[in-house]
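J.: So you can see what is in the structure, the chains are spelled out below.
Protein chains: 2
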Amino acid sequence: MFIDEEAKGASSIAISGHVRPDGDCVGSCLGMALYLKKLLPDAVIDVFLGDFSETLRRNMLGVELIRPDFKPTVSQYDLFVCLDCEKERLGEAEPIFNAAKKTINIDHHISNHGSAMVNDVVPTASSASEVAYDTMDPEKVDAAIAQDLYIGMVTDTGLFHFSNTSRHSMEIAGRLIDFGFDFPKIVQEVWFQNNYVQQQILGRALLESVLMLQGKLIFSVVTLKELQFYKASSKDCEGIVSELADTEGVEAALFLLEMRPGTWKVSLRSNGKVNVASIAESFGGGGHVRASGCTTDGRYRDIVSRIAGLVEEQLEGAHA
Amino acid sequence: MFIDEEAKGASSIAISGHVRPDGDCVGSCLGMALYLKKLLPDAVIDVFLGDFSETLRRNMLGVELIRPDFKPTVSQYDLFVCLDCEKERLGEAEPIFNAAKKTINIDHHISNHGSAMVNDVVPTASSASEVAYDTMDPEKVDAAIAQDLYIGMVTDTGLFHFSNTSRHSMEIAGRLIDFGFDFPKIVQEVWFQNNYVQQQILGRALLESVLMLQGKLIFSVVTLKELQFYKASSKDCEGIVSELADTEGVEAALFLLEMRPGTWKVSLRSNGKVNVASIAESFGGGGHVRASGCTTDGRYRDIVSRIAGLVEEQLEGAHA
Numbered sequence: 145m146f147i148d149e150e151a152k153g154a155s156s157i158a159i160s161g162h163v164r165p166d167g168d169c170v171g172s173c174l175g176m177a178l179y180l181k182k183l184l185p186d187a188v189i190d191v192f193l194g195d196f197s198e199t200l201r202r203n204m205l206g207v208e209l210i211r212p213d214f215k216p217t218v219s220q221y222d223l224f225v226c227l228d229c230e231k232e233r234l235g236e237a238e239p240i241f242n243a244a245k246k247t248i249n250i251d252h253h254i255s256n257h258g259s260a261m262v263n264d265v266v267p268t269a270s271s272a273s274e275v276a277y278d279t280m281d282p283e284k285v286d287a288a289i290a291q292d293l294y295i296g297m298v299t300d301t302g303l304f305h306f307s308n309t310s311r312h313s314m315e316i317a318g319r320l321i322d323f324g325f326d327f328p329k330i331v332q333e334v335w336f337q338n339n340y341v342q343q344q345i346l347g348r349a350l351l352e353s354v355l356m357l358q359g360k361l362i363f364s365v366v367t368l369k370e371l372q373f374y375k376a377s378s379k380d381c382e383g384i385v386s387e388l389a390d391t392e393g394v395e396a397a398l399f400l401l402e403m404r405p406g407t408w409k410v411s412l413r414s415n416g417k418v419n420v421a422s423i424a425e426s427f428g429g430g431g432h433v434r435a436s437g438c439t440t441d442g443r444y445r446d447i448v449s450r451i452a453g454l455v456e457e458q459l460e461g462a463h464a
Numbered sequence: 145m146f147i148d149e150e151a152k153g154a155s156s157i158a159i160s161g162h163v164r165p166d167g168d169c170v171g172s173c174l175g176m177a178l179y180l181k182k183l184l185p186d187a188v189i190d191v192f193l194g195d196f197s198e199t200l201r202r203n204m205l206g207v208e209l210i211r212p213d214f215k216p217t218v219s220q221y222d223l224f225v226c227l228d229c230e231k232e233r234l235g236e237a238e239p240i241f242n243a244a245k246k247t248i249n250i251d252h253h254i255s256n257h258g259s260a261m262v263n264d265v266v267p268t269a270s271s272a273s274e275v276a277y278d279t280m281d282p283e284k285v286d287a288a289i290a291q292d293l294y295i296g297m298v299t300d301t302g303l304f305h306f307s308n309t310s311r312h313s314m315e316i317a318g319r320l321i322d323f324g325f326d327f328p329k330i331v332q333e334v335w336f337q338n339n340y341v342q343q344q345i346l347g348r349a350l351l352e353s354v355l356m357l358q359g360k361l362i363f364s365v366v367t368l369k370e371l372q373f374y375k376a377s378s379k380d381c382e383g384i385v386s387e388l389a390d391t392e393g394v395e396a397a398l399f400l401l402e403m404r405p406g407t408w409k410v411s412l413r414s415n416g417k418v419n420v421a422s423i424a425e426s427f428g429g430g431g432h433v434r435a436s437g438c439t440t441d442g443r444y445r446d447i448v449s450r451i452a453g454l455v456e457e458q459l460e461g462a463h464a
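Order-wise, the sequence lines are chains A and B.
With the working numbering applied, the first sequence covers 145 to 464.
With the working numbering applied, the second sequence covers 145 to 464.
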């Protein structure tokens, strides 16, 4: 697909992605918005996105095009570009999609059925930002567009090391950084940086972590009392389970966060051998094979030992 | 430079890099060794490298070519390839370099004077591995060579986010991962993973870290007693100061590790505004503008407050 052709003649364009937008969603939406604005300077271009992190907001360009109230400026857009998801995950923007004269869907999720009028779904691509770049005329991409797409790619490739990273991804990222924006600072802020509260809570979780099953399982727990002591929110604990999983020899990591007295948010990660989705499902949760979660009540020791049993069963099954 | 031409006819080749070899040094040396072995299957090829980390060793290919005793198998090699440094940093391999019939120096350090007979020093390159790749015939590179060079590039580019990363670096890395080795697992092990003891010590250092100078300076201290309690060595603390520097708002990070009672290894990092080399120098140490260190005696509180004063002076100077 070539977006220059598809957008030709549009005088109003809506752009949106999924609810609770991540870096790839925001990056692909804003990169596309800036590109279309350059292509069609007189067109109305509105981006509909829910709230996202302050760090992302600080590093993305074109955020002024976002209408956080989800109120369309025209009753019917000539074109709706849906990025990084299908229309079902657009949330408040779905009615705007349904009303649009023409709809385009750009995505990299293999589960995407392509429910727009024009679909460009590339499951081999690292990110929606990568697919979006490939719809553009490279000659018209500029530093601002490049910066947004680069952040999107960094987010979904784990800084170019997840298995979705291809030679093509690296080549695109190379062309993007060639525009000369301050990518070292951006990666530092978006990818590596924690605030002080997050560092302390992460520190506590690492320090207090415990190995089980001959070092194959690691778990850590943060109680409501500890959370309150550090004036931290559950959001401040988001990266902890991945850091636990980065412990040498570990096959699975388990992090328990007390949300209300006796109610635990359980996060699970696997380094490959354990299917943590099936474990989360047995607690009424879900997710991916390598990353999943659930919410459950009880004493944390009971929850940990139940999950440890399920991990052990799987590891023994793998060796049988 | 084209290594195929330069190595033509050599029947004995020595390869080496700097003392205390890091990922780029080992990766460029072993990648070059495997390439030359393929080119000249009958030649003697010896790699002279000191000890390096178990994680690197596990992920590098061609380690069996290393002669850790630094004993040459021939009295005079036809060719010596010195990578990632000048001959002055070769350590025990320097006499072997001096005796060689022909010497080649491949490096990316701007300070390199090019003291070999043939020099290929490219200061704009991300890594010696990148320069080494550019000397090779891409058609003859295989998955094993690619894996070594990729690890070298990952190490010296900070997973492609340090400012030395260029479009060319990304393109080469893209070609390398295209060979299909398990780069996600390699990056996970080489770049992200800590052992359990390292995780606990890091956790303690993060948890106990203190902000000073309105959040511009962060410091943390690990005493000898704590080190002994966790059965950790000073090597287990190597990444801590960088993790401290990843705290939002921080300009400089300071980590003090007690080596002997009352003797502290001081590590400093800057996020750009502070020149920590000059601070380390005032304590008899040294290093780079953004990463430096020294060893000093005294009470840790005195050391921290002296360094905080120097950081504050620089930050005030920057605002004046």
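What the hints contain is simulated information worked out from the structure, not anything from laboratory work.
All values reported here derive from a predicted model rather than from experimental measurement.
There's no promise every hint is true.
No copy is singled out in the list; a pair is fine if it fits within one copy or between any two copies.
Said to hold, decoys possible - In silico SDA-like pairs for lysine to any residue, Cα to Cα no more than 25 Å straight-line:
1) K369 to V354
2) K329 to L371
3) K409 to L459
4) K375 to L184
5) K360 to I330
J.: Going through the earlier hints one by one, which of them does the structure break, listed in rising order?
T.: Checked against the structure, the hints that fail are numbers 2 and 4, while the rest are satisfied.
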